[in-house]
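K.L.:
So the mapping is simple: the numbering used here equals the position in the sequence shown, first residue as 1, plus 60.
There may be inaccurate statements among the hints.
What the hints assert, rightly or not - Taking lysine to any residue pairs in the SDA-like style, the calculated list, with each CA pair at most 20 Å apart, reads: (1) Lys111 x Gln139; (2) Lys93 x Thr136; (3) Lys111 x Phe101; (4) Lys67 x Lys97; (5) Lys67 x Gly120.
No lab work stands behind these hints: they were computed from the structure.
Since this is a predicted model, take the numbers as computed values, not measurements.
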Amino acid sequence: MIIFGSKSYLYQLAMLTLVCGRCGNPAAHTLRKRVAKFTLFFVPLFPFSTKYTTQCTFCGAEQQLSKEQAEQLEATQAQGGGGQAYAQPPQQDQPGRNPYQR
């Protein structure tokens with residue numbers, strides 16, 4: 061009998077002050093990394109999925125980012141931004157969406 065499955069791990073990478081794309085408020089956003097690992101006999105062996113997201117603490121909106129975008133936001137925060145400057149998270153191209161419209 062072989063027991064296998066998966067387990068997810070959630071890491072909080074940074075706390076950033078960004079303008080939310082959904083509610084338009086300058087609010088704190090958590091930058092998170094979710095890693096799903098394959099398990100064999102309840103022992104996590106290797107990751108098979110990694111996703112990066114930001115979540116607005118004001119309205120709860122969550123936005124998925126690429127690895128490069130997440131690293132860029134984390135580097136901006138680590139350079140001493142400390143959440144003082146307001147910035148918008150990188151927007152992904154969405155067909156039919158006006159990038160200048162809230």
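K.L.:
Now tell me, hint by hint, if it's right for this structure.
P.N.:
Outcome of the hint check:
Proposed proximity of Lys111 and Gln139 is contradicted: the alpha carbons are some 23 Å apart, above 20 Å. For the hint linking Lys93 to Thr136, the alpha-carbon distance of about 17 Å falls within 20 Å, and the restraint holds. For a cut-off of 20 Å, the pair hint linking Lys111 to Phe101 is broken: about 24 Å separates their Cα positions. For the hint pairing Lys67 with Lys97, the CA-to-CA distance comes to about 5 Å; that is within 20 Å, so the pair holds.
Taking the CA atoms of Lys67 and Gly120, the gap is near 24 Å; set against the 20 Å cutoff, the hint is violated.
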